[in-house]
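Protein chains: 4
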Amino acid sequence: MHVNTMTWPHGAKCAVLISFDFDAETLWLSRDPRNIRNLSILSFGRYGSSVGVPKILELMRQEEIKSTFFVPGWTAEHHPDRMEAIVKEGHEIAHHGYLHKWPNPDDVAGMTEEIDRGFEWLHKTVGVTPLGYRSPAGESNEPLLKLLISRGIVYDSSFKDDIVPYRQVMPDGSSGLVELPENPTLDDCAYGLSSTTTPRPLFGKEHVLGIWQEEFKQTYEWGGLFILVLHPQVTGRPMRMAILRDFIKFTRNFSGVWYATGKEIYQAFLAYERTHLRKAAAE
Amino acid sequence: MHVNTMTWPHGAKCAVLISFDFDAETLWLSRDPRNIRNLSILSFGRYGSSVGVPKILELMRQEEIKSTFFVPGWTAEHHPDRMEAIVKEGHEIAHHGYLHKWPNPDDVAGMTEEIDRGFEWLHKTVGVTPLGYRSPAGESNEPLLKLLISRGIVYDSSFKDDIVPYRQVMPDGSSGLVELPENPTLDDCAYGLSSTTTPRPLFGKEHVLGIWQEEFKQTYEWGGLFILVLHPQVTGRPMRMAILRDFIKFTRNFSGVWYATGKEIYQAFLAYERTHLRKAAAE
Amino acid sequence: MHVNTMTWPHGAKCAVLISFDFDAETLWLSRDPRNIRNLSILSFGRYGSSVGVPKILELMRQEEIKSTFFVPGWTAEHHPDRMEAIVKEGHEIAHHGYLHKWPNPDDVAGMTEEIDRGFEWLHKTVGVTPLGYRSPAGESNEPLLKLLISRGIVYDSSFKDDIVPYRQVMPDGSSGLVELPENPTLDDCAYGLSSTTTPRPLFGKEHVLGIWQEEFKQTYEWGGLFILVLHPQVTGRPMRMAILRDFIKFTRNFSGVWYATGKEIYQAFLAYERTHLRKAAAE
Amino acid sequence: MHVNTMTWPHGAKCAVLISFDFDAETLWLSRDPRNIRNLSILSFGRYGSSVGVPKILELMRQEEIKSTFFVPGWTAEHHPDRMEAIVKEGHEIAHHGYLHKWPNPDDVAGMTEEIDRGFEWLHKTVGVTPLGYRSPAGESNEPLLKLLISRGIVYDSSFKDDIVPYRQVMPDGSSGLVELPENPTLDDCAYGLSSTTTPRPLFGKEHVLGIWQEEFKQTYEWGGLFILVLHPQVTGRPMRMAILRDFIKFTRNFSGVWYATGKEIYQAFLAYERTHLRKAAAE
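Taken in order, these protein sequences are the chains called A, B, C and D.
Here this note's numbering is used: position 39 in the first sequence is 234, and no number is missing along the way.
Here this note's numbering is used: position 219 in the second sequence is 414, and no number is missing along the way.
Here this note's numbering is used: position 125 in the third sequence is 320, and no number is missing along the way.
Here this note's numbering is used: position 200 in the fourth sequence is 395, and no number is missing along the way.
One or more hints might be untrue.
Since the list gives no way to pick one copy over another, a pair counts as held whenever it fits inside one copy or between any two copies.
[To be verified] List time: in silico DSS-like cross-link candidates among lysine-lysine, alpha-carbon distance up to 27 Å:
#1 K283 - K319
#2 K400 - K412
#3 K412 - K444
#4 K400 - K444
#5 K261 - K319
#6 K283 - K444
Calculated from the structure, these hints are not laboratory results.
Since the model is a prediction, treat every value here as computed from it, not as a measurement.
Build out the structure end to end from the sequences listed, making use of the hints.
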């Protein structure tokens, strides 16, 4: 019975990636394009750029942790000063589509436009050519994966099927992207994003920390990869900034926790693959 | 990287606006006009006038806090005695549409009728010409903002994009309304409003206070504006009156908390703008 | 500013009605008639008769509390032995439609059939002519109220607009039913009923008791009417029977709590009306 | 007033069946066949086979508890190594359809195909002819029950109408399957499964253990059957494995708890039926 495994650098017991999906207004525009006229709904998303990103950058600086920001091209285009601030602080910028459109395998042209315009604006605003990609709404399909490979993306973080990184295998048996899989429990939207059309209940510090700390303790025991998927428009709210700060503090009590960016985890996987998995990856 | 800031009057550290959306039956009529015949669903809303408002006025008197009631014209028309009681206690009355209809940018005539009939009934019942406006369901659009300005509204409280008041900038670059932005976590409906058609889960004191107290602590640290968006038909229920009372008590432990009405916060912003932001506002 | 008031018998401080909506399979048949063939969904409801009612009768006997069971005619027709057991224990039987159909004001013939067949089966099975009525799903309308009056119903428990009983006023100004208003927080379905089509979250003892105890403490302070709306298919589950038992135990710590049936509360209101409200009711 | 009863083997006070619905990708394919192209949504389900099953087998071995895995034929077909591992550990394999399609009483041909292909793949992969069946999504109907009987299934675990096993009676009065009824509160999906299309809230250890422990305490008191309905893609997540481990530990504090497979409980019922219920079953 095969199960994927991983050995972390520096003798670390587990890896933590605190990632941010800086969707801003695109989270709402992709749900319904008519929201372009609904200024108040857009203002939900704009909180991410007006307050969320500055507060997050401040906390990450204090905590001395580098993270990865997955940014739709539209967000870069409309909030270039936030992009510059993120890059200046030394965080990684990764690809998150252009308008946060959900990938549709029947519309390859549309997917291609999303990917190419995403690259275009990350480059135009901060001169970045991203190595990593996370799919809007976490959806993915084979044509999209092929497209990402053809454009130079080397790692993905959209799947939910493991607790360690692994190399995707394409349907034709060829080698695909390196996957940094997510745990759906670690997405702040599940606890802090509610709107008129999606009236999800809201949960506070005790509830969220209760879940994240337990997931962390076990993932640590298992030697896995722990990816927080946070959104500046959600985690940037006063209480949720405190939750993130307290959660980081909690993980400081564990020895051998490797805080890393997506790119660093990708590189660690490459090294592991080279020494342990060469044959499997070559199949 | 520009971020909005604010200095509060009297050396206060943060401002608290305990606002009430006195929707009464309109909350249900705006969701589905056929509810006019569904007396039991309407009775949900009527609780706000029969019990909610009297209980709230009693508590606010005991706490010696003045608040702002955002009232649809229909509510004023059908519950004039409640309007008189609110005004007699010295609270501010602000605009909240006529029938709580969600603003539709493609129906400017309909929006205009909502606004004008709202003004009409606030004036007819208690002689008030409101200065502030909150959009039903928090939705807003450019034609609506222009309409509000043309009718003499000077501040709005419908957006979610900051934690301090700010001056809206219209698409043509001209100066717009003063915005008192909300935090969606501070709306009592998220915890206490459930119905057959929207079966949201219900949460009690520990859950709600847990969230509101944490949001307050951080907003206080940040020097922000803390707006509770309460509904007499929700917060007027026995348990939720106790939650509000306990929350106010909690905030009394902090020094430099300025409890204010929407109008007072608007005026404080004007003063701040005059001294600190004149140039920015003029751009 | 008029608010309804009430004086309870025996100098009691508040009244508690522990009511049961014994819907059984009708809860699911009324949502979708095709469920008649979906035996597993029906089994949800049947739990109410197979286990719920026997367990509830046992607890109420131990607690020496008489309650009111609102029973659809279909339930009586299909579970006559449960009806006999309820009546034998001295509980009140009240009207709850025939097939738990939601009253539709455009279908007076349909509503009439529901009411008349409801009366028929309560009489056929246990010889009861009910005095009280609760609407399925809590919906109500003017034609229904007229119909209920014409059939001899004297009290209703479907509205949510007060915390004390009151006399309904019909649109033509005439005197209507006595209303025993509900508080939506006190319905067990809000915490314990989830299904594939309505995937509500489930809550346990601490959550439910937290809410019910706080609502009780405040309702007691206010001298109000506290109506639990319980369903044998929900509260009859092991954990929820313990919640009900613990809640009753909690209320025993308060002096002056009057546990009563719907009929007894109706009679108490009549006495209060006769002495305090005669003029108002006659208007 | 008849109520079902049960006497457990070995003088046990109650029975516990820790069952797993090993749906894997079929949970998502049955909701929407187009998900076959949505690799990321499928990856949700694949977690059940990649990580969930190995982790669960490890825990059950440590706890020395045998359980029943309800497996759709499609899952067996695509994850034969996981099937072999389950069987090797001595757990029971039961029937759970082929593609997890919801039984439709108007499509007997479709239901028949689901059942027959399910049998086919359980046999092809691990040589098992299952005795028990659980319906996908817990739905059931008369044609399906007849079909199951004709194919040799002897027990079912899809209904929610009792807390002890019982013999189903078919509409024509003949004797049906033995039913091991579920309690909907004991399904891990209610607390740990959320997706973009079904944004259920997520709950952690304290919440879930709070409910399961209370349900267990009362079910134990009542001498009932306690069936956990777990999914490797949900309970296989780090935190939820700890919840299951802690829950099992909690039940170890009670004497007379019989941990059994579905088949063992079925056999215990047969013995009980033979001695106590022969006449009733023969009716």
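Taking the hints in turn, this is what the structure says about them:
no., hint, in the structure
1, K283 - K319, "within (16 Å within a copy, 58 Å between copies)"
2, K400 - K412, "both (17 Å within a copy, 12 Å between copies)"
3, K412 - K444, "both (13 Å within a copy, 18 Å between copies)"
4, K400 - K444, "both (14 Å within a copy, 21 Å between copies)"
5, K261 - K319, "within (23 Å within a copy, 51 Å between copies)"
6, K283 - K444, "within (24 Å within a copy, 43 Å between copies)"
Going through the hint list in order, the structure satisfies each hint without exception.
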